[in-house]
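J.: Residues per chain, in single letters:
There are 2 protein chains.
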Amino acid sequence: MSQHLPTFAQIRDAAARIAPHATVTPVLRSAVLEKLAGAELHFKCENLQRGGAFKFRGACNAVWSLDEAKAARGVVTHSSGNHGNALAMAAATRGIPAHVVVPEGAVRAKLEAIVRAGAILHRCEATQAAREATAAHIQEETGAELVHPYADARVMAGQGTLVLELMQQVGGLDALITPVGGGGLASGCAIAAHGLRPGLSLYAAEPEGADDTARSLAQGRRVEPFVPHTLCDGLRTLVGAPNFEALRSHGVEVVTVSDAETVAAMKLLWAELKLIVEVSSATVLAAVLKQRERFAGRRIGLVLTGGNVDLSDLPW
Amino acid sequence: MSQHLPTFAQIRDAAARIAPHATVTPVLRSAVLEKLAGAELHFKCENLQRGGAFKFRGACNAVWSLDEAKAARGVVTHSSGNHGNALAMAAATRGIPAHVVVPEGAVRAKLEAIVRAGAILHRCEATQAAREATAAHIQEETGAELVHPYADARVMAGQGTLVLELMQQVGGLDALITPVGGGGLASGCAIAAHGLRPGLSLYAAEPEGADDTARSLAQGRRVEPFVPHTLCDGLRTLVGAPNFEALRSHGVEVVTVSDAETVAAMKLLWAELKLIVEVSSATVLAAVLKQRERFAGRRIGLVLTGGNVDLSDLPW
Numbered sequence: 033m034s035q036h037l038p039t040f041a042q043i044r045d046a047a048a049r050i051a052p053h054a055t056v057t058p059v060l061r062s063a064v065l066e067k068l069a070g071a072e073l074h075f076k077c078e079n080l081q082r083g084g085a086f087k088f089r090g091a092c093n094a095v096w097s098l099d100e101a102k103a104a105r106g107v108v109t110h111s112s113g114n115h116g117n118a119l120a121m122a123a124a125t126r127g128i129p130a131h132v133v134v135p136e137g138a139v140r141a142k143l144e145a146i147v148r149a150g151a152i153l154h155r156c157e158a159t160q161a162a163r164e165a166t167a168a169h170i171q172e173e174t175g176a177e178l179v180h181p182y183a184d185a186r187v188m189a190g191q192g193t194l195v196l197e198l199m200q201q202v203g204g205l206d207a208l209i210t211p212v213g214g215g216g217l218a219s220g221c222a223i224a225a226h227g228l229r230p231g232l233s234l235y236a237a238e239p240e241g242a243d244d245t246a247r248s249l250a251q252g253r254r255v256e257p258f259v260p261h262t263l264c265d266g267l268r269t270l271v272g273a274p275n276f277e278a279l280r281s282h283g284v285e286v287v288t289v290s291d292a293e294t295v296a297a298m299k300l301l302w303a304e305l306k307l308i309v310e311v312s313s314a315t316v317l318a319a320v321l322k323q324r325e326r327f328a329g330r331r332i333g334l335v336l337t338g339g340n341v342d343l344s345d346l347p348w
Numbered sequence: 033m034s035q036h037l038p039t040f041a042q043i044r045d046a047a048a049r050i051a052p053h054a055t056v057t058p059v060l061r062s063a064v065l066e067k068l069a070g071a072e073l074h075f076k077c078e079n080l081q082r083g084g085a086f087k088f089r090g091a092c093n094a095v096w097s098l099d100e101a102k103a104a105r106g107v108v109t110h111s112s113g114n115h116g117n118a119l120a121m122a123a124a125t126r127g128i129p130a131h132v133v134v135p136e137g138a139v140r141a142k143l144e145a146i147v148r149a150g151a152i153l154h155r156c157e158a159t160q161a162a163r164e165a166t167a168a169h170i171q172e173e174t175g176a177e178l179v180h181p182y183a184d185a186r187v188m189a190g191q192g193t194l195v196l197e198l199m200q201q202v203g204g205l206d207a208l209i210t211p212v213g214g215g216g217l218a219s220g221c222a223i224a225a226h227g228l229r230p231g232l233s234l235y236a237a238e239p240e241g242a243d244d245t246a247r248s249l250a251q252g253r254r255v256e257p258f259v260p261h262t263l264c265d266g267l268r269t270l271v272g273a274p275n276f277e278a279l280r281s282h283g284v285e286v287v288t289v290s291d292a293e294t295v296a297a298m299k300l301l302w303a304e305l306k307l308i309v310e311v312s313s314a315t316v317l318a319a320v321l322k323q324r325e326r327f328a329g330r331r332i333g334l335v336l337t338g339g340n341v342d343l344s345d346l347p348w
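Protein chains in written order, with our numbering: chain R, 33 to 348; chain P, 33 to 348.
Read the hints as simulated data drawn from the structure, not as lab findings.
The reader is advised that the hints may include incorrect statements.
Treat identical chains as interchangeable: a pair holds within one or across any two.
Listed next, the in silico DMTMM-like pairs over lysine to aspartate or glutamate satisfying Cα-Cα at most 20 angstroms (straight line) [stated by the list, open to error]:
{"hint": "1", "residue 1": "LYS299", "residue 2": "GLU144"}
{"hint": "2", "residue 1": "LYS67", "residue 2": "GLU144"}
{"hint": "3", "residue 1": "LYS299", "residue 2": "ASP345"}
{"hint": "4", "residue 1": "LYS142", "residue 2": "GLU157"}
{"hint": "5", "residue 1": "LYS299", "residue 2": "ASP342"}
{"hint": "6", "residue 1": "LYS142", "residue 2": "GLU304"}
{"hint": "7", "residue 1": "LYS322", "residue 2": "ASP45"}
{"hint": "8", "residue 1": "LYS102", "residue 2": "GLU172"}
{"hint": "9", "residue 1": "LYS299", "residue 2": "GLU240"}
Using the sequences and the accompanying hints, generate a full structural model.
T.: Right, dumping it as structure tokens:
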């Protein structure tokens, strides 16, 4: 694990490192949504990334950052969601083992995807302590490298690569908004965005029921503990320590949104962009529509983080 | 109305004509779907076209083909679906009136979209004769130009422009498959594809419950009458006379698919491409998966025609 923050140069390196494996995702616009927002909206479609989420970028950068000897011993993480799947897929691109620790009660479809990607599953109890202990045990046994879902400089650097792409695709923005959960995405994007354009306004959208980042920034220190209550399953994580530092030092402002606002925004994204996005992804549009005066008239990049949805269980 | 077939040069002209208004839609791939098919699949995403369907291309070309005097009198069509909406949107880009004749019983959400796009709605009975008579009456009264949904060279030329884009985006294909209903898309694409690459294999996917094109090609003449029975609401149309001629002369081969095969393919497209596509669009993937041996090992372009779906009424 590498807990410090990545530099802008490391994000550029990451972009070159993952280029042979990751998808350059398209940027889409919608006249209807722009009229609703009164702003120019550039949606960066990471739901179209490999594995259906931006997580592949960070996992891929971590996997390809390892030297040969280290890589041969494989990688390990604890995540039952998109990061576990992304790490499994990234490891497969290098032909190395991936160990994924999943808690009891994880969604079966997600576990099947991780196995399909070629990873070795390790079950544990559904507590943070059990997850970390199991991962540590696997590290000891195998020598595998821990790739944390967000509190890892290589992962943050990988996520930040999407901003380099986005800026090249749209040629300049006034503002950028990403969802925030653990903060791997938000912090990597903040470093990348300010590396390219120091004055860019940065926002993070957070569910009201998991607003630890908003409260942490308000208090100037990380709020713990934390009992999330939100439909946004990708954003139920406490913001990581290095991630929080990056958000604070880059002046990222948090906009909190209710789940009802997010679900309404999700439906708009499906209907108008014709894209399948996860509920967590819709927080960014919900935030821009909720604080219309704040965002109106600006040229905004919005990161659509993922599209892994249970199609037989939609929230409307 | 202009009933002859467009030339390849006219398709190139159409591409230049619609360029200021239409979206260059992305081409997406999926490792999972390619593994299922055993082929390289390049999906041309016309569900991301303006108005959510390829229809905007043809309507836009027709609208901008008119001279000033003719244009001032507006355009008229009979269609309660994507073409009516596309013509309304295309007319709005030129600031001219659009009259859309819609039968009783048409889907309310679609009518609202047509009105929102700025068209004048004209109701009539739900028969082909009533539609045509109403449209003819409006033509007489207003001098508006009839823009037929598919049996119109300007419309076919507009639809064919997507092949020019696709070929430039992917740099060569072995085969191309589109759905076939009235045949505006399939015929325009056939002319465009053979204009660029005379030996390209051309396929059309058709629902078993609306297989008039397959039967017409087998018999060497258009089969009429026709009672369609399929979930694919965009493909319930009898193939047009000029369209049939184009399909026959370009050697387009039809693959028929059941609605069950199409719905399964639709679900795969949603889950793997993270795209919202209409059921009619899924016929192309259903066809490639159904006749796996025929398509395996080839580099195939598949046209995803539209994404206008009632999200509260999914077919699974």
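J.: For each hint, tell me whether it holds in the structure or not.
T.: For each hint, the structure was consulted:
{"no.": "1", "hint": "LYS299 x GLU144", "result": "between (27 angstroms within a copy, 18 angstroms between copies)"}
{"no.": "2", "hint": "LYS67 x GLU144", "result": "between (41 angstroms within a copy, 17 angstroms between copies)"}
{"no.": "3", "hint": "LYS299 x ASP345", "result": "both (14 angstroms within a copy, 13 angstroms between copies)"}
{"no.": "4", "hint": "LYS142 x GLU157", "result": "within (17 angstroms within a copy, 50 angstroms between copies)"}
{"no.": "5", "hint": "LYS299 x ASP342", "result": "both (15 angstroms within a copy, 11 angstroms between copies)"}
{"no.": "6", "hint": "LYS142 x GLU304", "result": "between (27 angstroms within a copy, 14 angstroms between copies)"}
{"no.": "7", "hint": "LYS322 x ASP45", "result": "neither (37 angstroms within a copy, 44 angstroms between copies)"}
{"no.": "8", "hint": "LYS102 x GLU172", "result": "within (13 angstroms within a copy, 79 angstroms between copies)"}
{"no.": "9", "hint": "LYS299 x GLU240", "result": "within (19 angstroms within a copy, 32 angstroms between copies)"}
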